[in-house]
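Since the structure of chain E is already known, use the hints to place chain W on it.
Residues per chain are reported as follows:
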Amino acid sequence: MLASRGSSAKAAGSSQVRAGAWRINIHAPADVTRSLHSVLSSITIPEHNLPPLNVFISDDGLVQGTLNGKTEWTMTLPRRGWIGPILSYTVATATSLLREFHFVHAGAVAINGRGYVLVGPSGAGKTTAVAVLLRRGATYLSDEVALLHPKTGTVHPFILPMAVKPWTAKAIGPLPPNRLVASDARIQYLLPERLAQEPVPLDSLVLLDPTRPATEIEEYPRAEMLLAISENPSSFHYRHRLEASFSAFVQLIKQARCLRVGSANPAQAVNVLLSR
Amino acid sequence: MTEARLAAILDGQVVVLDKATARLMLMDPQTERVWRSCSGVTLEELATELGGSPAELASTLEGLAAEGLVTCHHDRWTGARVAWV
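Those sequence lines, one after another, are chains E and W.
In this text, residue positions in the first sequence follow the working numbering: the first is 1, and each later residue adds one.
In this text, residue positions in the second sequence follow the working numbering: the first is 1, and each later residue adds one.
Subject to a maximum C-alpha distance of 20 Å in a straight line, what follows is the list of computed SDA-like cross-link-like pairs (lysine to any residue):
| hint | chain 1 | residue 1 | chain 2 | residue 2 |
| --- | --- | --- | --- | --- |
| 1 | E | K151 | E | K254 |
| 2 | W | K19 | E | L242 |
| 3 | W | K19 | E | E243 |
| 4 | E | K70 | E | S88 |
| 5 | E | K254 | W | W84 |
| 6 | E | K254 | W | D11 |
| 7 | E | K151 | W | I9 |
| 8 | E | K70 | E | L50 |
| 9 | W | K19 | E | R241 |
Computed list of chain E residues with no C-beta within reach of chain W, every gap over 12 Å:
| hint | residue |
| --- | --- |
| 10 | P52 |
| 11 | M75 |
| 12 | G84 |
| 13 | G153 |
| 14 | A185 |
| 15 | R186 |
| 16 | E193 |
| 17 | P213 |
| 18 | T215 |
Hint data in this document are derived by calculation from the structure and do not stem from the laboratory.
Ideal placement from N, C-alpha and C gives every residue a C-beta, glycine not left out.
Isolated chain E, as found in the complex (with noise of 0.2 Å):
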């Protein structure tokens, strides 16, 4: 898409999206708009007044994204993978942005109307885990941000096209129901089809350990739950939702099912979360 980086000046695009409540004011060579729309139209989020975002994209790369007029972060683009920054960017700009919900970055799925949280680190396998659940039947509630709501107790959509690397796409075997939304780096986003509507109530935090077997499933500590969320990107990271979201996911995790499966092999641990 950038290849032609640095080139002579070519036409300037310009695209409004709506990632569900959320605004996003693409300004980028017309064919860098397209691509972009594609993508971050794909997004939803809830919460509403949330202030639109205004990405700016120059012919050479340079990348600005920008709130209420001020510049919230810069980046260059790489000339290959370059959708992949820019989604991390925006998702960053949104999580920043809540007020009403709190996150974790954790895969979410509904199944029988109920929201399971793979929480982990990163390489654990809430990708393969979340596609192959969304293939035995499960909702797709996100792939990247579990959205929580305290009060309520529930798992809220966040909806993001699912970055599937080749070696993920290879540890899924055959993809669920799916529209190609980009490809860029021999990164697929693939939105799937069967997306949650509405929330769902928490039934389970399950921490993947990719350092045991995936024949392993146990219950794992409360304690020990909130502290590997707090380790992951979180509402924990926001200095000024530091109190907020310790409340928050004390209450939430007194409500749910703990767990920790092992994650050696994602795909396996599905089967023993499912026969749980």
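Just chain W, lined up with the frame of chain E:
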């Protein structure tokens, strides 16, 4: 006065949030017993109340003090105030 820490009990385990460092601390039951007993008491009084060796207690108190969860004035140990969630 605003407490610098929030605490919660989850399945009988105490978790403390240090707001200054934005860090969570998980107390084991033995440490929690020591911490809860720090009401302006001396090491000897603690040893009498809780049992155990003064050396072990001193080590636990040092660990708690390093986390700012107890303070010592004139050989008397006092637990930091927390707000419970």
